[in-house]
Amino acid sequence: MIENPISSSRRSILAGTAGTLSAAGLLALLDRPARAAAGNPAQDAQLLNAAVALEDEGIAAYQIGAESKLLSPDVLKVAVTFQGHHKQHRDDLLAAIKRLGGTGAQPKTQAQYATELGTASLKDQNGVLRLALKLERGATNAYLGLITSLDQPDLSLLVARNAADESFHAAVLGHVLGEPIPTKAPMFG
Amino acid sequence: MPIRRPSLHAAIILFAALEFGAAHAAAPPVRMTAPQSPPPSGSTSRGAEIYETKCGACHSLDQNRIGPKHRGVYGRKSASVPDFSYTPALKKLNVVWNAATLDRWLQNPTAMAPGTAMGFRLTSAQDRADVIAYLKQESAKR
Numbered sequence: 001m002i003e004n005p006i007s008s009s010r011r012s013i014l015a016g017t018a019g020t021l022s023a024a025g026l027l028a029l030l031d032r033p034a035r036a037a038a039g040n041p042a043q044d045a046q047l048l049n050a051a052v053a054l055e056d057e058g059i060a061a062y063q064i065g066a067e068s069k070l071l072s073p074d075v076l077k078v079a080v081t082f083q084g085h086h087k088q089h090r091d092d093l094l095a096a097i098k099r100l101g102g103t104g105a106q107p108k109t110q111a112q113y114a115t116e117l118g119t120a121s122l123k124d125q126n127g128v129l130r131l132a133l134k135l136e137r138g139a140t141n142a143y144l145g146l147i148t149s150l151d152q153p154d155l156s157l158l159v160a161r162n163a164a165d166e167s168f169h170a171a172v173l174g175h176v177l178g179e180p181i182p183t184k185a186p187m188f189g
Numbered sequence: 001m002p003i004r005r006p007s008l009h010a011a012i013i014l015f016a017a018l019e020f021g022a023a024h025a026a027a028p029p030v031r032m033t034a035p036q037s038p039p040p041s042g043s044t045s046r047g048a049e050i051y052e053t054k055c056g057a058c059h060s061l062d063q064n065r066i067g068p069k070h071r072g073v074y075g076r077k078s079a080s081v082p083d084f085s086y087t088p089a090l091k092k093l094n095v096v097w098n099a100a101t102l103d104r105w106l107q108n109p110t111a112m113a114p115g116t117a118m119g120f121r122l123t124s125a126q127d128r129a130d131v132i133a134y135l136k137q138e139s140a141k142r
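Chains as they are written, first to last, in the numbering used here: chain A, 1 to 189; chain B, 1 to 142.
If you're looking for bench data, these hints aren't it; they were derived computationally from the structure.
Among the hints, erroneous ones may be present.
If the Cβ cut is set under 10 Å, some of the chain A residues that face chain B in the computed set are [as the list claims (entries may be wrong)]:
hint	residue
1	Ala42
2	Gln43
3	Ala53
4	Asp56
5	Tyr113
6	Leu117
7	Asp124
8	Ala139
9	Leu144
10	Ile147
11	Thr148
12	Gly189
Cut-off 25 Å, straight-line C-alpha distance, at most; resulting in silico cross-link-like pairs (PhoX-like, lysine-lysine) [what the hints assert, rightly or not]:
hint	chain 1	residue 1	chain 2	residue 2
13	A	Lys108	A	Lys123
14	B	Lys69	A	Lys134
15	A	Lys87	A	Lys134
16	B	Lys77	A	Lys134
17	A	Lys108	B	Lys69
18	B	Lys141	A	Lys134
19	A	Lys108	A	Lys98
20	A	Lys69	A	Lys108
21	A	Lys87	A	Lys98
22	A	Lys108	B	Lys141
23	A	Lys108	A	Lys87
24	A	Lys123	A	Lys69
25	A	Lys77	A	Lys134
26	B	Lys91	B	Lys77
27	B	Lys91	B	Lys69
To give a feel for the contact side, a few chain A residues facing chain B, derived at Cβ under 10 Å [stated by the list, open to error]:
hint	residue
28	Asn40
29	Gln46
30	Leu47
31	Ala51
32	Leu54
33	Glu57
34	Thr103
35	Ala105
36	Thr109
37	Thr115
38	Ala142
39	Tyr143
40	Ser149
As the structure is a prediction and not an experimental result, all values here were calculated from the model.
All C-beta atoms, glycine included, are put in the ideal place defined by N, C-alpha and C.
Let the hints inform the model, and build the full structure from the sequences given.
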């Protein structure tokens, strides 16, 4: 087992100077783990950019669905609302990447998304909704699987929040498609 | 605005907390040796299901999406799909994807290739075995 060098140095400092350590010194020591937890911003930015790509694909999928003329007015309204959520997720991720000093990923063309998602084979509303459900479920799991890879807790919160939104979308889509409520938990992750 | 200095009382509490933590942290480390058990055998049908729900957000068998297409991945050299734009981390990795390398990768991609864009971890050994069995099966259908 490899010992944490930060913990080790903190212990040795405490052992040697316990009698004379000032309050300011104690506060400085307490600050050490906080700075050490700053982690690897470049790695975090890279991981968040994959999430941006995921959101861009979702935005494109809803756009293709909205333009397909396969959706009823009520369903179209919900699809546009969900697309708006994905745009907000993308913007939040891009802002976080910028704070980390990174550059946000650019979306592909609509035609590329159409090819990659095989949307030419969509024939009816249920087909569109099934594709959306697949993407929303996948996105929920992708976000949950990302949490432990991020160094900074605020970024973990960001992706956990997005995961919750995607699972909400999945629940609504599953209900509209008449899917049974899963009998086993956990449903994701 | 004047900076409030921590009171002596607060400093004593902080010091006591640090001492308590240090005393406990100073205990000899317990050696964690992973048991050498063989990896679980994988179910291709369960692997297909896991692939669809967990990997399917970013990957497809036959289309590059957020990640590269996966048909043929088993037995393939890393970063070798010609029309996919890999991160420098993946270009540097230089492994052949097999049961062992895929297991390591799916367990913690950023540990295997720091700088990768893939952060998704498949934490269950059984899930990894199932997905690997599925990818191996589908790779043979080229």
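**Asked** Taking the least C-beta to C-beta distance, is Leu144(A) closer than 10 Å to chain B?
**Response** With a closest approach of 9 Å, the Leu144(A) hint holds.
**Request:** With a cut-off of 10 Å on the beta carbons, see whether Asn40(A) makes it to chain B.
**Result:** holds, 8 Å
**Prompt:** Hint check: is the beta carbon of Thr115(A) less than 10 Å from a beta carbon of chain B?
**Reply:** holds, 7 Å
**Message:** Let's test the interface hint: is any C-beta of chain B closer than 10 Å to that of Leu117(A)?
**Reply:** holds, 8 Å
**Message:** Next item in the hint list is Tyr143(A). Is there a CB on chain B closer than 10 Å to its CB?
**Reply:** Given a least distance of 9 Å, the restraint on Tyr143(A) holds.
**Message:** Just to be careful: measuring from the Cβ of Tyr113(A) to every Cβ in chain B, is the smallest value less than 10 Å?
**Reply:** holds, 9 Å
**Cut-off 10 Å, beta-carbon criterion: hint that Ala105(A) touches chain B** = OK, holds: Ala105(A) within 10 Å of chain B, min 9 Å.
**Prompt:** Measuring from the C-beta of Ile147(A) to each C-beta in chain B, is the shortest one below 10 Å?
**Reply:** Hint on Ile147(A): holds, closest Cβ of chain B at ~9 Å, below 10 Å.
**Request:** For the hint on Leu54(A), just tell me whether its beta-carbon gets within less than 10 Å of chain B.
**Result:** Cβ of Leu54(A) sits 6 Å from chain B, so the hint holds.
**Message:** Just to be careful: measuring from the Cβ of Ala51(A) to every Cβ in chain B, is the smallest value less than 10 Å?
**Reply:** Hint on Ala51(A): holds, closest Cβ of chain B at ~8 Å, below 10 Å.
**Message:** Hinted pair, alpha-carbon criterion (25 Å max): Lys91(B), Lys69(B). Please report holds or violated.
**Reply:** holds, 16 Å
**Asked** Do the numbers back the hint for Thr148(A), that is, is its least Cβ distance to chain B under 10 Å?
**Response** holds, 6 Å
Hints 7, 16, 22, 34, 36 from the earlier list are contradicted by this structure; the remaining hints agree with it.
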